[in-house]
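Q: Given the sequences, and given the hints that come with them, work out the whole structure.
Residue strings, one per chain:
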Amino acid sequence: MVNPGGQEQTGLWLEAELARQLCPVVAPDALWNRIHEQRRPLRVRRSPAMAWSISALALVLLVGLVWRLGGATGDPNAQLERLAARELRELASGSGTVDIHSGDPEVIQAWVNGNLGVEVRLDDRLLHGNSVVRLLGAGLVRLDKSPVAVVAYRVGDDYAALLVEARRPGTGGAQPRAGVAAEAKVYSWSAGSGEYAMALGGRAQQGQSCLLCHTESTAMLLIP
Amino acid sequence: MVLEDSDKELIESCQRGETDAFRALFERHKDKVYSIALRYSGDANVAQDIAQETFLKLFVGLRSFRGEADFSSWLYRLVVNSCYDQKRKVSRFMPLLDEAVAMLHAPGISALDEIVRAELRGHLRDVVAGLSDEQRMLLVLRYTQSLSYDQIAAILGTTNGTVASRLNRVHRMLERRLLRFSSRKGGHRG
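As you go down the protein sequences, you meet chains A and B in turn.
Following the numbering used here, the numbering of the first sequence begins with 1 at its first residue and continues without gaps.
Following the numbering used here, the numbering of the second sequence begins with 1 at its first residue and continues without gaps.
Hints are computed from structural coordinates only; laboratory data are not their basis.
Any given hint might turn out to be false.
What the hints assert, rightly or not - A partial selection of chain B residues facing chain A, derived with a Cβ cut-off under 7 Å:
(1) K30
(2) L38
(3) R39
(4) E53
(5) K57
(6) D85
(7) Y143
(8) T144
(9) Y149
(10) L174
(11) E175
For glycine and all other residues, C-beta sits at the position ideal for the given N, C-alpha and C.
A: Encoded structure:
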């Protein structure tokens, strides 16, 4: 190649080398374990380090949230809103609950459906290189022994946590509402067979929250 | 023995929820998926992420999959899309041809040639890093999996002629740049 014998020789060399250098390889043994781990069933989230200090901080923030939301105690979605705010903080601190790492909405939808039996429709635009909103994955936590899916997003320089819970028997759908807790915007609503709460970091812009959820959900359209 | 079954039988077993069938299907196709992911990304960790996402999509999608004829193309499309998705997440992949100039170390070359070849390696790295996602994927499907133009066209959703012309264009471009670089270096030697 330093003294090539012409374009034809270069072409032959290139062809042979591409075939040699791009030859197939054997997948590592660890690959199945990674896949199997992500397909595992419901897992209870373990307590993070410094649980007491975080819990104390969370308590202060959650009291503020409840107060801001107008006395949400007793409201079926209040607990979910509080949990959303907590999961957002953990996500931002790097200790968020993410059991499945994927940027594919279909994978996350199927995962949520498989764990909760709730059909969630995430925005397909996330697949197409949205530079503002990026789907990170999902995890499972418990709220009063009921499983709750936490869908994690990166939104600009901040994060967002979308919580999904199957509607409990005998409860009606909650009215959509919005509030502020500490520096997070918190939304909650009902759609289909699910209850939803979303916490959006304060550094994310207001309009960016619209990109996160169901494009076809009228519930989201009601949220300012 | 489920490992000896055809893809169709394995898929049907997966659809019935037989756990062993998932593993068998994985074993049958893991090298193919991982090879494409690795050759596209140039990074073993990224390749595992791509392969992982591909198989998760596969297992999820199997529930609604019908027919055996298109399974291979479907699987290829899944891994191609996972590669593109991963590329969007990672700012820059390692060059595809990072090792492609190792063959330049032929017997009987001078120390100066070694230096030139080292520079050529760097030049190739830059050239390949500048390839578009589609050009890079074309090379991987063609050379890693030895797929025909027809097969590549089916996977990428284009025509046989388009695949042929795009591959030819990539070859010509690589050749031109290698020749230009070699000539320039050869001139410096004289």
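Q: Does each hint fit the structure? Answer for all of them.
A: Evaluation of the provided hints:
no.	hint	result
1	K30	holds (4 Å)
2	L38	holds (6 Å)
3	R39	holds (5 Å)
4	E53	holds (6 Å)
5	K57	holds (6 Å)
6	D85	holds (6 Å)
7	Y143	holds (4 Å)
8	T144	holds (5 Å)
9	Y149	violated (15 Å)
10	L174	holds (6 Å)
11	E175	holds (5 Å)
The structure fails to meet hint 9 from the earlier list, while all remaining hints are met.
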